[in-house]
Amino acid sequence: MTQNGKIFLLDAWGKRGASEREKVDKYFDFYSQYKPRFCGVESTAYQAALVHILREEMFRKGTYFEITP
Numbered sequence: 060m061t062q063n064g065k066i067f068l069l070d071a072w073g074k075r076g077a078s079e080r081e082k083v084d085k086y087f088d089f090y091s092q093y094k095p096r097f098c099g100v101e102s103t104a105y106q107a108a109l110v111h112i113l114r115e116e117m118f119r120k121g122t123y124f125e126i127t128p
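Numbering (the numbering used here), first residue to last: 60 to 128.
Just so you know, these hints were derived from the structure itself, not from any lab.
Don't be surprised by glycine CBs; every beta carbon is placed ideally from N, CA and C.
Watch out, some of these pointers could steer you wrong.
Quick list of the computed label-pair ranges, beta carbon to beta carbon [claimed, not checked]:
# : residue 1 : residue 2 : range
1 : Arg119    : Gln62     : 18 to 28 Å
2 : Asn63     : Gly121    : 28 to 38 Å
3 : Asn63     : Glu116    : 28 to 38 Å
4 : Arg114    : Trp72     : 19 to 29 Å
Calculated pairs, DSS-like style, for lysine-lysine (alpha carbon to alpha carbon, straight line, at most 30 Å) [said to hold, decoys possible]:
# : residue 1 : residue 2
5 : Lys120    : Lys85
6 : Lys65     : Lys85
7 : Lys94     : Lys74
8 : Lys74     : Lys85
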């Protein structure tokens, strides 16, 4: 994000029918590659559960970052 608020999308991934494991692994892959200051996950319906799964995985992998729902 630039100082004047412009946001750049660096990468994207999508897959129909992706498992929870695939989504979490891909999230960590992106984190490892780009080392962002902020990480976010949609906080409505199903995606709200993904935040908890990601936090559990942080403890397993020993990789910690802040996730903003």
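Here's how the hints hold up against the structure:
no., hint, in the structure
1, Arg119 to Gln62: 18 to 28 Å, "violated, 36 Å"
2, Asn63 to Gly121: 28 to 38 Å, "holds, 36 Å"
3, Asn63 to Glu116: 28 to 38 Å, "holds, 34 Å"
4, Arg114 to Trp72: 19 to 29 Å, "holds, 20 Å"
5, Lys120 to Lys85, "holds, 14 Å"
6, Lys65 to Lys85, "holds, 25 Å"
7, Lys94 to Lys74, "holds, 23 Å"
8, Lys74 to Lys85, "holds, 11 Å"
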